[in-house]
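*Asks:* All chains should be built: construct the whole structure from the sequences, respecting the hints.
Protein chains: 2
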Amino acid sequence: MAIQRVTSVDLHLDLDPSGSRREALARALRDAVRSGRLEPGVALPSYRALALDLGIARNTVAETYAELVDEGWLTARQGSSTRVAHRARPTPVAGAAMPPQPRPLFDLRPGRPDPSSFPRSVWLASARRAINDAPSDAFGPGDPRGRIELRTALSDYLARTRGVRTDPQRIVVCSGFSQALTMLNDIVPAGPVALESFGLPFHRSIVEKSRSTVALGVDDKGCVAEDLGAGAASVAVLTPSHQFPTGVALAPERRTAAVQWARDVDGTVIEDDYDGEFRYDRSPIGAMQGLDPDRVMYVGSVSKSLSPAVRIGWMVVPDRLLDAVVAAKGVRESTVATGDQLTLADMLVSGRYDRHVRTMRMRYRARRNLLQQSMDRADADVRIGGIAAGLQAVITLPPGREIDALNRAAGIGLAIEGLSTFRHPAATDATYDGLVVGYSAPTENAYPAALEALMSVLS
Amino acid sequence: MAIQRVTSVDLHLDLDPSGSRREALARALRDAVRSGRLEPGVALPSYRALALDLGIARNTVAETYAELVDEGWLTARQGSSTRVAHRARPTPVAGAAMPPQPRPLFDLRPGRPDPSSFPRSVWLASARRAINDAPSDAFGPGDPRGRIELRTALSDYLARTRGVRTDPQRIVVCSGFSQALTMLNDIVPAGPVALESFGLPFHRSIVEKSRSTVALGVDDKGCVAEDLGAGAASVAVLTPSHQFPTGVALAPERRTAAVQWARDVDGTVIEDDYDGEFRYDRSPIGAMQGLDPDRVMYVGSVSKSLSPAVRIGWMVVPDRLLDAVVAAKGVRESTVATGDQLTLADMLVSGRYDRHVRTMRMRYRARRNLLQQSMDRADADVRIGGIAAGLQAVITLPPGREIDALNRAAGIGLAIEGLSTFRHPAATDATYDGLVVGYSAPTENAYPAALEALMSVLS
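Protein chains in written order, with the working numbering: chain A, 84 to 542; chain B, 84 to 542.
Keep in mind the hints are simulated off the structure, nothing from the lab. Bear in mind that the values here come from a model prediction, so they are computed numbers and not experimental data. Beta carbons: idealized from backbone N, C-alpha and C, even for Gly. Each hint should be verified, as a subset may be incorrect.
Computed Cβ-Cβ distance ranges for the label pairs, DEER-style [as the list claims (entries may be wrong)]:
id, chain 1, residue 1, chain 2, residue 2, range
1, B, Gln161, A, Asp437, 36 to 42 Å
2, B, Arg243, A, Pro284, 37 to 43 Å
3, A, Asn452, B, Arg446, 35 to 41 Å
4, B, Arg212, A, Arg131, 44 to 50 Å
5, B, Arg448, A, Arg160, 52 to 58 Å
*Replies:* Structure below.
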């Protein structure tokens, strides 16, 4: 109900003795105007009257009125009362809520490292050391390329573990693979972009904001790189070490063909090395970038090795694209917090990152072995595809069984994705029914039950 | 020089006893191919010969060859030697270096809080508590809107300190104001964007990637909001609390006019509240957003209050734009590390953030007072403009003196910017010569000398 004369009661004044009375009064007045209890045009009491009424200093009232006049809530005219400003009352904010995302009973969604495995104490120890030891200028505006400490540590790490050929000057820190994709438009010439016929739909969406995409077939040797020359694209986004999500490794002759194509068309391969550290049966295949650092832009991140909640990735950039990447990154703003960059640098240099990756590699290998054993016990027409690597595997199903399996999974609370979700809509190569099993998603304790749930869906 | 027969000497093998021999061999072979010492087509020795030569297991050689064949460095054909692959040798990476940024002797550049004041131990204590106490799912994929803990803490904080009217559902965490600007194109209808005639050039560049901009005059009451109606824009980016860089506060009637304009044209005001916490002579003016949360999108960050190296900002989004903002943010990826979000939430809830802001407010107030006193001693035609607030002030100079002052500043190693740097190229309102003094940039100890340097330039 609208009121005509303001008193402490009308204002619901809650004068916290430890707080500022002026702030409390200002808040109460704003609330009264917002809620409509104080209507436009209503005269407020004089400083003196309100001060007496509320038991506060007259100056406090005067200053509060002045503040609210400045803010546009009240109007003051020489020789007249202070009044509530004439302006449309804002509509009350409706209770528009986002639908809460229920946590699934069993979680085998791909692309998610075990969240309970995040090395909290290791991270915090490195953070303490890194932040305490950082020079003051680390807390000034960041270099858009990223901190030199991290780029140096990455340069060593990537050469050692992934055969990447680079130096700190050619590494640009970003928040993850999708940021790199977002910049694509600013760094390579216009034209269609070749994507693998299976891949992450949200990566495709990012590219298709500004480009058309074409689908490159994928078979048991990886993407059919020989077909690149037939299209109009001069940029290809590939997952050579472990095709996502089918899990095959790109065959040697196709790696060579892709690089040769990029040379022929003056183009660029974007290598998405999303889980290159995780190979279980042998040493990881080196990055394709090593074959030709001027034709392959290598992109990696900690999203699989540490957590997608740590927003750090890196682009290893061909010389000819370096200026454009730095310009696209923005002259002034770095996107990744300096403290996090220095923390990761400390983890890399101290060997803690390697140790964590080794631990996780053993765990995920054991999980994949369990998955393999379960599949061996399943129907003969259900089999696991791809190499022993990464955090996900495709379970190939007999034709027509994918929808059925997904429906049954939904029925028992198993979160899992069908292979068709990852299919490029324009793809024309052979496809098949399948489930993409993200065996890293559950915690160690929850994995056996999730696997049982999967088996029950397949039986 | 190219070699025809590979031995341990040629390979520069450095078999670290603690490391993997296979990895060392693979690295040495890759290096030899890259450098050109092993030329395309050259046959490698048999497994047995190289194993004997190097004193390692035959299997190790076989596995290494297989690995390099997979990677495309070598080729193997049944019944023939393993050979170096025929492919163009990559050109050596040239020593393209970025020019190093020399640290200025005296630093009065605007927009930079004192980097030595970053509260390292407070930040680390909050990080320890936040990361140790976080639920496991905090290390899973992030909500693109940001963590609910931070949005809840911000909702309280912004209502209490800035008069912002919101709730956690309407807050979207971003990496800073420039990320919000980057998303503009995805959230408001096409058309020109009104910018203040003085502002950050790099903000203008972001907008002009996809839009044209028009310049809104700025005088001693802030931007001339009444002129908004004359243009074709339906979006205006404003700094109402403290115009950047001129330092004036937007007058009450103009705040109302801007909101009314937005209602009339079904438009949006983007409120850049970059330093709203820092007012020295009175309580800060409340955010304009409180006048109409459906017409004003409020954007703030910790870039001035903590450090631009901490990449956390927030958008308080009108209901009608909320879906578009969340979609633009990306369905899957958050850009701000969850650990940092939880750390800031802990600082806000524990009151540590308020305490830090109070400390910095006192320091910067003292610095501004010193600047004011220095100006009072200077020529009568040199004066300080704007309200007692924020981290920068414009020193108004007599006509034609700006270039001269900048040249003299450069001569003595004083980094400072001229007002004309911040001028919209299409602005037609009155301008003047001036220097933008970022008095927060130096450390406490370095400030007096920087001020003296400034005085010598003005004398």
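*Asks:* Is it true that the C-beta distance of asparagine 452 of chain A to arginine 446 of chain B lies inside 35 to 41 Å, as the hint says?
*Replies:* Between asparagine 452 of chain A and arginine 446 of chain B, where Cβ atoms are some 59 Å apart, the hint is violated.
*Asks:* Please test the hint of 44 to 50 Å on the beta carbon pair from arginine 212 of chain B and arginine 131 of chain A.
*Replies:* For arginine 212 of chain B and arginine 131 of chain A the Cβ distance comes to about 48 Å; the hint holds.
*Asks:* For the pair glutamine 161 of chain B and aspartate 437 of chain A, does the Cβ-Cβ distance stay inside 36 to 42 Å?
*Replies:* 37 Å, holds
*Asks:* For the hint 37 to 43 Å, verify it against the beta carbon of arginine 243 of chain B and that of proline 284 of chain A.
*Replies:* 41 Å, holds
*Asks:* Assuming the hint says 52 to 58 Å, is it satisfied by the Cβ distance from arginine 448 of chain B to arginine 160 of chain A or not?
*Replies:* Given range 52 to 58 Å: violated, Cβ gap about 32 Å.
The structure is inconsistent with the numbered hints 3, 5, although it conforms to all the rest.
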